[in-house]
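Engineer: For reference, the chains in residue letters:
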Amino acid sequence: MSVVSVRNLRVVMPGSTTAEVDGVSFSIDAGQCLGIVGESGAGKTLTARSLIGLAGAGVSADELTVAGVDARLLDDRAWRSLRGARVGLVSQDALVALDPLRRVGAEVAEPLEVHKPQLGRADRSRRVLQLLEQVAIPDPNLRSRQYPHELSGGLRQRALIASALAASPSLLIADEPTTALDATVQAQILHLLRELKESGLALVLISHDLGVIRELADQVAVMKDGRFVEVQAAGDLFAAPRHPYTRDLLAAASLGTATPPKPGPVVLAAHNLAKTFGTGVGTRAAVDGVSFELRAGHTVGIVGESGSGKSTVAGMLLGTQSPDRGSVLLHGAPWSEVPESKRRGRRGGIQIIHQDALSAFDPRATVLQILSEAIALDGTQRRLRKVRAMELLEQVALSDAVLGRRAHELSGGQRQRVAIARALARGPSVLVCDEPVSALDARVQSQVLALLASLQQSTGLAMVFISHDLAVVRALSHDILVMKDGLVVEHGAAAGVFAAPQHPFTRELLAAHHGNRGS
Amino acid sequence: MLLVVWGAATVGFFSLRMIQGDPVNVMVGLGNVSEQVRDQIRADWGLADPLIVQYVSYLARLLRGDLGTSYRMQQPVADVIGQQLVPTVQLMLLALACALLLALASALLGRGRRRAPVAGLLELVAVSSPTFWIGLVLIAAFGFGLGWFPVVATAGFGALVLPAVTLAIPVAGILSQVLRQGLDDAAALPFVDTVRARGASHTRLVLRHTLRHAAANSVTLTGYIVGSLLGGSVLVETVFARPGLGRVALNAIVDRDMPVVLGIIVLAAAAFSLVNLLVDLLADRIDPRLATERAYA
Amino acid sequence: MSILTAAQKKTAKRMPAPALFLSAGFLALLLLAAFLPGLFTAADPLRTDIGQSLLAPDSRHPFGTDQAGRDVFARVIHGARYSLAIGFGATVIAVVAGLLIGSLAGLMRRVGDGVLSRAIEIVMAFPEFLLALIVIAIIGPGEASLLVAVAIAVVPAYARVARMQTLVVKRAGYVEAARTLGVSPTVTVLRHVVPNALAPLLVMATMGIGTAITAAAGLSFLGLGPKPPTPEWGLILSGGRNFLATAWWIAVFPGLVITATVVSTSILGRHLQASTAGPQR
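Protein chains in written order, with this note's numbering: chain A, 1 to 519; chain B, 1 to 297; chain C, 1 to 281.
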């Protein structure tokens with residue numbers, strides 16, 4: 001008995017003639033999960049929202065049966081009786097998906113207030129606590145009285161799931177439910193969703209992350225430009241993808257390992273770096289005892305979850321933050337202890353690219369101006385700067401057409417390439433990359449990583465690659481540092497760490513990532 | 001908060017000292033007083049003492065609640081102000097209530113493609129019109145024209161209506177602007193989807209969720225509103241020939257009655273700081289994230 | 001953000017074209033009237049003619065005549081230069097002073113910034129109009145005093161915005177990027193900090209001209225500005241106060257012009273804000 005049955009779904013946005021979603025068909029049984037995977041803008045969210053009546057007025061289909069109801073002719077008022085009671089929705093990032101000005105308990109109770117008004121306050125409270133326990137939130141009494149920002153990311157997401165389940169719907173739509181979470185927390189949430197599925201809930205799971213889909217989906221639909229290019233049982237799809245786009249996606253997800261480097265001199269050395277924030281009672285050791293040596297043509301990867309201190313290390317390497325203990329040496333000469341005025345001339349030797357390239361660019365500047373600023377620092381004459389800018393763009397595989405554009409007019413991948421070009425303009429020996437691909441789609445991710453790898457091969461650039469994503473770090477790194485709570489818990493050659501992790505935390509990270517990515 | 005009052009008092013004190021001429025003349029302003037009074041002034045303010053001593057004793061007197069004496073009017077400043085405080089406060093409170101009502105109505109009703117531009121236009125005009133002009137127009141239209149309200153200031157509620165409405169209009173305008181914008185901004189936040197996905201009706205969404213977000217934004221305006229009411233009261237009381245602090249202030253300025261001016265400066269600063277303090281406390285209750293930020297700051 | 005509203009939001013803030021044209025047109029006419037009043041009226045704003053007093057508006061006197069027989073329209077036209085001069089003048093002074101104070105506060109270390117921003121907060125504790133009144137109380141009434149008083153009254157608002165912007169920009173990614181590139185601090189400030197901090201100030205200033213004009217008119221209305229028979233707008237209004245029953249046009253029309261001026265500057269200012277808001281962060 002299918003919970004959802006859709007044939008030829010078509011969604012058109014107001015004021016537009018092109019369909020955002022076209023010809024989509026699928027059906028889901030109780031206890032089954034349909035995973036919809038695709039890049040941003042593919043139409044995944046609109047498809048899912050048409051199952052709960054939140055896709056706007058331009059929805060049409062040959063068949064659209066949701067929880068036993070023919071949903072094609074429902075007006076908004078009729079939809080309201082289904083929403084929450086027969087279909088539930090969980091979005092990403094519970095910090096903003098829950099009303100930040102209302103207590104968690106009130107948010108979880110809302111579907112009950114809407115659909116079961118006959119329940120008295122005491123009964124409602126009891127049900128809320130029941131729900132919080134069902135999603136494994138410890139100390140539910142305390143948590144229900146707190147506000148969303150007082151809970152950790154994982155607990156918040158569980159509370160969001162609880163609120164979607166409150167009125168016992170038979171279908172749950174999960175739209176990127178784990179995207180804002182650390183890998184280990186991600187694994188826990190997916191485990192919870194699996195339990196719910198096994199107890200009979202039908203699930204629509206949307207994600208750009210193939211690993212997440214692989215964990216839960218019984219059926220997988222690959223979506224591109226508003227259409228399903230392939231729909232198969234999960235096992236079949238991952239073993240033998242039929243459509244070329246699916247094969248592309250799968251290839252992009254498995255990023256491989258770094259090519260062995262040529263030997264080279266030590267260009268960057270960190271000795272016992274430590275930094276503490278706060279004073280007195282609020283003291284926090286952000287970083288404690290980080291050391292490594294980096295040779296030309298090598299990449300050292302620093303991996304850890306949020307709050308592990310990775311970015312603080314990046315700051316200390318660059319000199320934007322000064323270490324409380326320890327030192328950094330660039331090309332064998334002191335770096336971290338030297339005052340800025342004396343250091344500035346040597347800054348060309350070490351450069352950085354960030355996760356958010358947009359904020360790294362002056363919003364008023366064109367790409368030409370952005371690059372020229374860096375080029376000018378080497379004393380290049382004005383009339384030669386444009387030529388040099390075009391050379392740099394060629395190195396990062398961008399066309400000259402972007403020279404006249406501003407940062408916000410470029411795509412994420414293009415922006416990151418411009419950031420790399422700007423960094424290269426200084427001719428650095430070391431490039432620090434702080435989460436450079438986390439905000440990019442899978443295919444763009446693998447392109448940027450390939451670019452960095454080839455630059456390293458051709459110029460002997462040394463890199464410090466920081467990320468929370470193990471697969472990404474593995475793709476480029478020769479040596480790895482695993483960080484947790486400011487400490488380095490494991491340090492060694494990449495191959496060794498991945499094959500035989502020593503520290504329990506490393507093992508936990510690997511388990512979470514293997515589950516998701518399936519190398 | 002105390003800092004603001006102290007700052008105001010200090011600036012006032014030193015500004016007076018900076019005015020050219022015999023300090024005694026400055027204190028007296030325009031007008032004639034006897035030599036006896038002049039001696040009194042010299043004694044009261046200790047004009048023979050060094051400046052620092054004068055300043056400290058001035059502060060000491062302030063702390064005791066002694067705002068000095070108006071020589072023009074032969075009365076302590078505190079009395080002068082105290083007598084006129086009530087009518088002004090009445091006016092401000094009524095105006096505030098009016099403004100809140102108008103703004104809420106406009107914000108809640110002025111949604112939707114056809115009504116929103118109308119609301120926007122009304123807000124714009126309300127905010128752009130000079131307060132004194134609004135008063136004159138209202139008098140001409142409702143006082144003389146339709147004869148609904150008395151045009152001479154009499155005791156009683158009737159005489160309070162037009163002045164209060166006049167004072168309320170610019171405040172209602174900006175409050176409505178911020179509230180409407182706040183409601184629109186809140187409607188675009190991610191949690192709205194979640195609430196709708198629970199099957200909530202639009203009414204429930206607005207009343208239980210977005211209104212609180214919009215109000216949280218508007219609370220920061222309270223300081224500005226109080227200031228606008230205070231400043232506007234000077235104009236409104238003049239236009240409607242009503243007794244009150246505004247007129248006291250104006251007369252003091254025209255007559256160069258400095259002790260009164262100084263007293264009003266200090267009083268305004270104190271009132272303002274008090275309001276800001278209350279606003280901070282209120283803001284924490286409406287948006288609990290602020291309280292947590294403060295704890296970590 | 002809900003998908004549906006995201007698209008709508010992009011078009012929400014722009015001002016409708018007719019409103020823009022009207023506003024710009026009106027302000028242009030006003031400017032013209034300030035410089036070349038003769039283009040708009042042949043009547044002499046100061047010439048009294050008791051026989052013609054208190055006439056209702058007609059084709060000869062579009063705004064009617066006042067108690068001394070002067071053509072109100074002519075007085076309003078000739079008064080434009082006073083209001084605009086003070087409005088522009090005070091705003092320009094306030095923007096420059098505010099930018100200096102505010103960006104200095106934003107760029108300084110904590111102690112210096114603390115002192116300056118406390119000072120700004122103290123002054124901002126007073127409503128603008130009251131502040132202007134206090135300044136007049138200290139320096140005495142008069143035409144020049146109006147300019148000074150209004151300028152001082154609005155400076156704190158600009159200083160505060162300048163400081164906030166400087167702080168935001170100072171911490172912005174592109175400023176840190178300039179630092180890691182190796183750009184010297186001076187160049188960074190001149191090339192990145194100042195231009196980005198300036199933009200919101202200019203938008204504020206466009207709307208601020210209207211506020212300045214109203215404040216000046218208010219002070220004149222109270223008798224603290226130029227002396228009669230100067231055709232300053234606030235003065236004309238206060239003169240008309242006693243004749244509301246019999247000759248309401250004396251008070252109503254000048255006020256209408258003031259309102260229209262402020263509305264126009266607000267519309268222009270909001271349009272500027274909407275069109276620069278896109279790439280700004």
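Any given hint could be a false lead.
Unchecked claim - Pairs of lysine to aspartate or glutamate, DMTMM-like flavour, derived with a Cα cap of 25 Å: (1) A:Lys-224 <-> A:Asp-248; (2) C:Lys-170 <-> C:Glu-121; (3) A:Lys-262 <-> A:Glu-293; (4) A:Lys-484 <-> A:Asp-182; (5) C:Lys-170 <-> A:Glu-337; (6) A:Lys-484 <-> A:Glu-293; (7) C:Lys-170 <-> A:Glu-435; (8) C:Lys-170 <-> A:Asp-324; (9) A:Lys-386 <-> C:Glu-176; (10) A:Lys-342 <-> A:Asp-356; (11) A:Lys-197 <-> A:Asp-225; (12) C:Lys-170 <-> A:Asp-248; (13) C:Lys-227 <-> B:Asp-66; (14) C:Lys-170 <-> A:Asp-356; (15) A:Lys-342 <-> C:Glu-176; (16) C:Lys-170 <-> A:Asp-62; (17) A:Lys-484 <-> A:Glu-340; (18) A:Lys-224 <-> A:Glu-508.
FYI, nobody ran anything at the bench for these hints, they're computed from the structure.
Engineer: Against this structure, judge whether each hint is valid.
Structural biologist: Taking the hints in turn, this is what the structure says about them:
1. A:Lys-224 <-> A:Asp-248: 12 Å, holds
2. C:Lys-170 <-> C:Glu-121: Judged against 25 Å, a Cα distance of about 21 Å means the pair holds.
3. A:Lys-262 <-> A:Glu-293: 15 Å, holds
4. A:Lys-484 <-> A:Asp-182: Given that 25 Å is the threshold and the Cα spacing comes to 12 Å, the pair holds.
5. C:Lys-170 <-> A:Glu-337: It holds: about 24 Å lies between the C-alpha atoms, which stays within 25 Å.
6. A:Lys-484 <-> A:Glu-293: Holds, because 20 Å separates the two Cα atoms, which is no more than 25 Å.
7. C:Lys-170 <-> A:Glu-435: 23 Å, holds
8. C:Lys-170 <-> A:Asp-324: Holds, because 24 Å separates the two Cα atoms, which is no more than 25 Å.
9. A:Lys-386 <-> C:Glu-176: Holds - the C-alpha atoms of Glu-176 of chain C and Lys-386 of chain A are around 24 Å apart, at most 25 Å.
10. A:Lys-342 <-> A:Asp-356: 29 Å, violated
11. A:Lys-197 <-> A:Asp-225: 29 Å, violated
12. C:Lys-170 <-> A:Asp-248: 42 Å, violated
13. C:Lys-227 <-> B:Asp-66: Since the Cα atoms of Lys-227 of chain C and Asp-66 of chain B sit roughly 36 Å apart, the hinted pair is violated (cutoff 25 Å).
14. C:Lys-170 <-> A:Asp-356: Answer holds: Lys-170 of chain C to Asp-356 of chain A is near 17 Å, not above 25 Å.
15. A:Lys-342 <-> C:Glu-176: 18 Å, holds
16. C:Lys-170 <-> A:Asp-62: 56 Å, violated
17. A:Lys-484 <-> A:Glu-340: Given pair Lys-484 of chain A, Glu-340 of chain A is violated - Cα atoms ~30 Å apart, limit 25 Å.
18. A:Lys-224 <-> A:Glu-508: 34 Å, violated
Figure legend: structure checked against the earlier numbered hints; hints not met, in rising order: 10, 11, 12, 13, 16, 17 and 18.
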